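Top to bottom, those sequences are chains A and B. Each residue of the first sequence is one higher than the last, beginning at 1 in my numbering. Each residue of the second sequence is one higher than the last, beginning at 1 in my numbering.
Derived by calculation from the structure, the hints in this document are not laboratory data. Nothing here was measured: the structure is a model prediction, and the numbers come from that model. Don't be surprised by glycine CBs; every beta carbon is placed ideally from N, CA and C. Careful, some of the hints might be misleading.
Unchecked claim - If you want the footprint, here are the derived chain A segments under chain B, 3+ residues with CB under 8 Å:
#1 24 to 37
#2 52 to 58
#3 74 to 81
#4 147 to 160
Claimed, not checked - Covered by chain B, according to a simulated footprint, are these stretches of chain A (three or more residues, beta-carbon under 8 Å):
#5 62 to 69
#6 134 to 143
Number of protein chains: 2
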Amino acid sequence: MTDFTLSCPIPIADYPTVQLAHGGGGRLMHQLIGKMFGPAFSNPLLDQAHDGAVFAVNAGRLAMSTDSFVVRPIFFPGGDIGSLAVHGTVNDLAMCGARPRYLSAGFILEEGLPMTDLWRVVQSMAAAAEAAGVQLVTGDTKVVDRGKGDGIYINTTGIGVIEHDLIIAPTQVQPGDAILVNGDLGRHGIAIMAVREGLEFESAIESDSASVAGAVMRLLDAGIEIHCLRDMTRGGLASSLVEIAQTSGRRIAIDERRVPVRRDVRGACEILGLDPLYVANEGRFVAFVAAQDAARALSILQGHELGQGAAVIGAVGQETDGLVTMKSTIGATRIVDMLSGEQLPRIC
Amino acid sequence: MTDFTLSCPIPIADYPTVQLAHGGGGRLMHQLIGKMFGPAFSNPLLDQAHDGAVFAVNAGRLAMSTDSFVVRPIFFPGGDIGSLAVHGTVNDLAMCGARPRYLSAGFILEEGLPMTDLWRVVQSMAAAAEAAGVQLVTGDTKVVDRGKGDGIYINTTGIGVIEHDLIIAPTQVQPGDAILVNGDLGRHGIAIMAVREGLEFESAIESDSASVAGAVMRLLDAGIEIHCLRDMTRGGLASSLVEIAQTSGRRIAIDERRVPVRRDVRGACEILGLDPLYVANEGRFVAFVAAQDAARALSILQGHELGQGAAVIGAVGQETDGLVTMKSTIGATRIVDMLSGEQLPRIC
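The following block holds chain A by itself, in its conformation from the complex (with noise of 0.2 Å):
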């Protein structure tokens, strides 16, 4: 494992944990966000050192959207909160169908937090970020005092641009689309809550955290006729069709057969009460695209190394009031709906 301690830019030796000044905005914040932050995520814009970044864009579509992780713990196989923080909001501007190209990041540390901690997901974000062709270009550092935070704390706010014409919305779903995934689910929750609850599996399940967008941009260039997309984060799969049904009035109808959980992950969720449809992911993604498109956009996503395990897994029906069943593996049909709780608190 790398040892964070000896790269880690600022000297572990005067500050081995984060203090209430670094956040005060004296020399100590100065410090850490010209030693660390500065060079970690440096590119032109970051580097104006402004009170915001400012750059130029063509007329046309831009998407905005935001989040903020909490996921606990901070470090999880596959992953860590650095990398979820730049996956998740580039994965919701994808969602948007546009280009992920401008992120912020604003930072709620603790007292006390190890600066290697701190060091590790820094690291962790930009190298999430080069990956996915997005620049972190302002960001903002509060620190809280000890007992009113959880170590780290992450917003990230991301703009895309949209490159084509489409509407990509709930409201554009038809009768007769054909609904696809790009992997296996379910993984990033039942690798979060192993660690929480120490099970042990025969190998590691790891989170399928990653950047969709990659994925989603094929499916664009190629000209599918895309009418919806939503990733399966908090919920999963059922609470994505849920909020979709309901928004566009549509009948969704999925096969439980055909959608793909792996062997593990289901002997996970069996162990742990949990049902993977509900269960959260971080790379994967739902598509709703026009009938006629359907087996070309499959085919586009099984070649794109975010979309190998892709599969259709339903369709939306004639019926307009706005409910989603599934079909069980045993045949009979339900009705599949929102939990009223949740799950998997703070699992991202």
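Since chain A is already given, all that's left is putting chain B on it; use the hints.
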């Protein structure tokens, strides 16, 4: 005082406080968004109810800025964390010379936060956004367990449109530039500290928290040659000037006698052992304008609600040493530096 229990759109009898499930992605979260956030902030972009907001822009320059707000207490004389979260980001955009247009809001709520407190904050935010002419177009809600937050933290990220050809940045500061502030300093910090320390004054000192975008737009519309703008938040006037001096490499010289500080604020600073130059403001900015425009800029500011107490406090010198000097009330000149820590933690 308004009874927020009566108007609260979430039935207090059912949910007197925020619960973990309000951030879980299920029914309770959708109820909170649908009944409270949605109607309070309603506008066509937010009402898209998508993973992000999509809006059209003209070709040109945009500004983007982010800020997290962790102020304690969340209600204080002259404002609260909701209005502050709008003003802080709107002002950062204005400091880029941009007209604030779109805001995102990320809420991190602590389990157990009284629902009426949340409602009061949301209403205050909505009113501040309307007054500042910005739309809240996308949002996110997370709930953390009791003891892992402090009631409510809010991140806002804003997008503004730059409608002129000036470059407004520390690098543009020129010898001879006049340095203006838009009013008396230190009220926000003192208002917060007075509540925390239980101090009572003859009349309450209210925070200066406000959007200064209107005042800045008036300067720009009048064609004032603005070189640099900076809001004087954490670290106050002194830190803002030191930042600009260091980034620009210019000498900044101010005259303490010209720096407007109210008598009651000065008195409170003496009691608390604070220097008003370092105390945070949330509706005050410093402007560097070309010498020939100084008198006109001052007159424009003084004619605006947010600039009645404006003053020219100094000028940029010929030296290229990046220092800030101040001529004191007794005539001596000293170097102004950044504080190494913070005077006032969690002031914004």
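Here's how the hints hold up against the structure:
{"no.": "1", "hint": "24 to 37", "verdict": "holds (count 7)"}
{"no.": "2", "hint": "52 to 58", "verdict": "holds (count 7)"}
{"no.": "3", "hint": "74 to 81", "verdict": "violated (count 0)"}
{"no.": "4", "hint": "147 to 160", "verdict": "holds (count 10)"}
{"no.": "5", "hint": "62 to 69", "verdict": "holds (count 8)"}
{"no.": "6", "hint": "134 to 143", "verdict": "holds (count 6)"}
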